Amino acid sequence: MNYHQAVYDVPSVFESCDRPKKPKAFDNTVGGLIPENLVRHGLDIPDLPERDVVKHFVNLSQMNFGVDNGLYPLGSCTMKYNPKVCDEIVSWKTVSDLHPLQDPSTIQGALRLMHELEQMLCEIGGVDSVTLQPAAGAHGEYTGIQLVRAYHEANGESRKEIVLPDTSHGTNPASAAMVGYDVLELPSKEGCVDVEAVKSAVSKDTAAFMLTNPNTLGLFEKDVCEIAGIIHDAGALLYYDGANLNAIMGKTSPGKMDFDIVHFNLHKTFATPHGGGGPGAGPVGVKKRLEEFLPVPRIVLKDGKYQLDNDRPKSIGKVRAFFGNYAVLVRAYAYIRLHGGNGLVSVSENAVLNSNYLKTLLKDTFELPYGDLRKHEFVMSGRPLKAKGLKTMDFAKRLLDYGFHAPTVYFPLVVDEAIMIEPTETESKETLDLFADACKKIVAEDPEVLRTAPHNTARSRLNEAKAARDMIFSWRGYEKKMQADAEKARPC
Amino acid sequence: MLQYLKLKSVEELFSDIPASVRTDGLRLPDGLTELELRRELEAMMAVNRTVSQQPTFLGAGVYHHFIPAAVKTIVMRSEFITSYTPYQPEISQGMLQALFEYQSFMTELTGMDAVNCSMYDASTALGEAVLMSYRLSGGKKFLISRAISPEKKLVAQTYARGADIQLTEVGYDPMTGSVDLEDLESKMDPDVSGFYFESPNFFGLIEPGAAEIRNILGAKTMVVGVNPMVLALVKPPADYGADIVVGDAQVFGSSMSLGGPMIGLFGCKMEHVRKMPGRLIGLTVDSDNRRSYCMTLQTREQNIRRGKATSNICSNEALLAVASAAYLSLVGKSGLKDIAAKNIEHAYLLASRIGSLKGFKAPHFKGTHFNEFVVTSEIDPNRIHEELLSNGIHGGFPLGKDFPELKNSVLYATTEMHTKGDHDRLVNALEAVR
Ligand SMILES: Cc1ncc(COP(=O)(O)O)c(C=O)c1O
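From first to last, the protein sequence lines stand for chains A and B.
Just so we're aligned, residue 1 is where the first sequence starts under this note's numbering, counting upward by one.
Just so we're aligned, residue 1 is where the second sequence starts under this note's numbering, counting upward by one.
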């Protein structure tokens with residue numbers, strides 16, 4: 001227990017001392033260019049010296065925890081260490097100072113990189129074509145389900161339903177619903193898809209089946225071939241959520257497993273730092289028969305020149321303006337080139353090795369449902385904690401005190417008090433040993449210490465219910481609330 | 001570790017994958033060292049022509065603005081850039097407060113009550129607004145101004161189609177470029193849930209009829225698209241009763257990077273907040289009663305509500321929200337007003353110089369514009385484009401393909417990044433096209 005996060009009371013920038021750089025009155029009409037009836041009066045943004053602003057944000061950053069600080073075993077999110085060279089490349093002017101509407105002749109390098117990235121993703125995913133347009137994994141799902149709909153409509157069919165297992169990520173049913181589908185959620189059996197349940201669920205109304213493989217429990221869906229057969233026999237499509245691709249590169253591929261549509265989470269598998277929530281990128285790969293539906297434009301190589309093809313009458317159109325999250329695409333390209341084919345295979349091998357090693361260290365401390373072998377992540381149940389009146393959340397909060405980010409908790413829903421751990425390939429054996437030791441120590445600690453954890457972070461446990469009740473989303477909202485409270489408190 | 005697991009080879013860990021779907025490695029090039037990678041990418045990228053190598057007059061939703069060095073210092077802090085969604089608020093207060101401050105800046109600029117901590121970009125923010133408008137007022141039709149970017153229109157169509165919502169276009173006044181109020185009025189019917197227009201619109205014009213639009217819409221949803229930089233000088237959408245505001249905050253401290261990542265701005269009135277997509281940061285206290293921040297109203301989101309969520313969004317563009325907050329803190333209100341004013345002045349100056357050239361009309365529309373304006377000429381826009389390119393200048397965005405009624409028109413943008421020399425080069429090159 002040697003971790004102590006910085007603790008500051010950093011005032012909001014809005015309550016910092018305002019030092020207007022320009023005391024003289026500013027002409028809001030800009031010399032009459034803006035008519036008086038459109039002019040804005042009053043803008044409550046502080047003027048601060050650069051020195052103070054940098055201090056403000058550096059102090060804030062010290063109250064934040066990233067992969068560079070330590071182990072971040074947030075299951076399903078693949079929080080691996082990312083090579084710094086990738087960040088540097090995207091800051092080059094030849095990458096950052098390009099406008100998306102430039103004439104293709106002036107962005108040949110950028111188009112080449114994207115074209116080559118598409119081809120590399122085709123190889124990794126076992127698919128025939130890739131679009132780079134979607135901005136994140138969920139956006140890739142959305143794109144994929146739009147493709148499903150376009151495919152069936154082109155066949156004169158209006159199928160109504162997307163089927164998926166109860167272990168699926170929340171974005172899966174949400175994406176399906178946004179494309180107008182009903183969602184049918186199947187209960188899993190022993191942590192995997194129940195083939196019999198699929199058989200009885202699938203009908204003429206099934207548009208697609210969505211699956212993550214390995215699934216969110218870290219189990220490889222061994223019946224995937226049989227499932228694919230059932231789905232395809234019913235005339236439906238098979239969708240692959242690629243969030244867990246880090247487990248299988250070079251060992252199998254979604255295409256090989258007969259999936260028709262696949263999204264890649266570039267920020268997970270191919271190393272873009274997650275940026276406190278984003279940006280990411282969610283390219284989508286498809287088999288030949290779906291290619292004509294992909295978003296426009298397609299990047300094509302013609303007579304040695306990269307060009308944009310917008311003449312695609314069956315395309316679903318666009319899911320995002322321009323090309324997608326280009327800077328993330330560049331990072332992923334750089335990451336793949338750094339590792340090469342064999343390097344990526346090692347990535348998956350080490351991710352799976354680390355996960356199984358850590359699982360073995362911890363399986364007697366918690367409960368490990370559903371057999372033994374795992375892929376890149378594993379889910380345990382924190383149920384044993386209940387005997388001491390504790391919850392998984394208490395354990396998670398206490399881990400923070402040891403300088404480890406908490407695992408994903410309470411997901412997937414099929415495991416009671418779920419603890420979902422994904423160590424990734426970039427952590428050393430020493431780190432995994434330390435983490436396991438910390439876990440064991442914590443479960444032996446005085447329950448009160450856990451219940452009141454965390455103790456060594458910038459803040460103690462938060463009152464999240466109050467945030468939902470007060471609904472203060474901005475400094476202005478805060479001031480309003482303060483004013484209202486003061487008025488209430490005033491004696492009449 | 002293999003020993004500990006009593007395994008002979010790592011292959012045994014993949015024994016659960018059926019042989020029929022096994023693949024044998026990847027047919028990709030061998031790995032590179034960091035130095036080799038840099039060399040190769042430097043060469044590949046060197047063939048791009050950056051906007052500093054060739055003065056570029058493109059805008060249309062993505063803008064080249066100056067970025068103070070300190071923005072990079074701040075967003076590149078390891079603790080920010082290598083963290084993820086702040087699921088554990090106690091150890092993530094830095095990111096949470098930075099995002100709350102982003103929300104606060106956007107609230108201040110737009111006047112809306114709640115701004116989420118980012119959507120993917122303006123186009124997807126618009127798509128989500130179309131869906132939210134349906135959730136708010138239930139009609140299966142949505143009206144959308146014709147004077148918006150073709151990229152955004154295509155994305156809005158995709159999102160609308162997914163929800164079986166019918167999009168109908170509302171025209172613009174051919175003289176002023178502003179919303180054609182008569183057309184809007186004629187298209188209102190009980191099935192319409194709302195209307196989207198922009199200020200500034202695709203032609204760079206500030207909408208003068210917002211109050212009338214509010215009147216025509218009655219209780220229906222008013223969705224306004226903004227370039228948030230304009231709001232330093234121009235009335236915020238809350239003043240004329242907007243229900244939802246969307247836009248892109250890339251203008252605040254993020255590079256163009258070929259249009260991605262961008263950062264979708266999304267704000268709404270308090271009464272609509274539970275129907276809103278995306279993550280919201282709220283203020284609260286910890287168990288020691290210290291001011292603290294956490295994600296809130298998560299019951300709207302996919303991680304809790306699954307198929308019934310207000311949106312599927314999970315990863316967003318948080319780091320760009322930090323960049324926006326850092327940028328706005330650094331420039332302050334004085335700096336922001338100066339920059340916005342310089343953008344307007346540059347655009348008016350350039351428009352009048354181009355307009356005084358023989359055979360050119362600029363600005364094409366009568367109205368107040370920000371840093372973009374439409375130029376019309378008798379000369380084929382493609383010829384102008386090619387001539388400019390051969391002179392090392394990148395002209396504006398030709399409108400003819402998406403707006404046949406403007407087939408000889410081009411949308412030019414200019415920002416504080418252009419020098420007088422850049423303007424001179426453009427004007428001289430245009431004059432030379434014959
Ligand atoms: C299994 C799974 N599917 C989909 C997603 C959504 O990806 P993103 O956050 O990139 O939208 C995630 C990540 O959060 C995930 O873990």
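To be clear, the hints were calculated from the coordinates, so they are not data collected in a lab.
Be a bit skeptical, because a hint or two may be false.
[To be verified] Here are some chain A residues pointing at chain B (derived, C-beta under 7 Å):
#, residue
1, Val-179
2, Met-257
3, Arg-337
4, Ser-381
5, Pro-384
6, Ala-387
In this text the structure is predicted, and so the values were computed from the model without any measurement.
For each residue, glycine too, the CB sits at the ideal point set by N, CA and C.
Handout entry: Ascending list of hint numbers which this structure does not respect
Key = Failing hints, ascending: 4, 5, 6.
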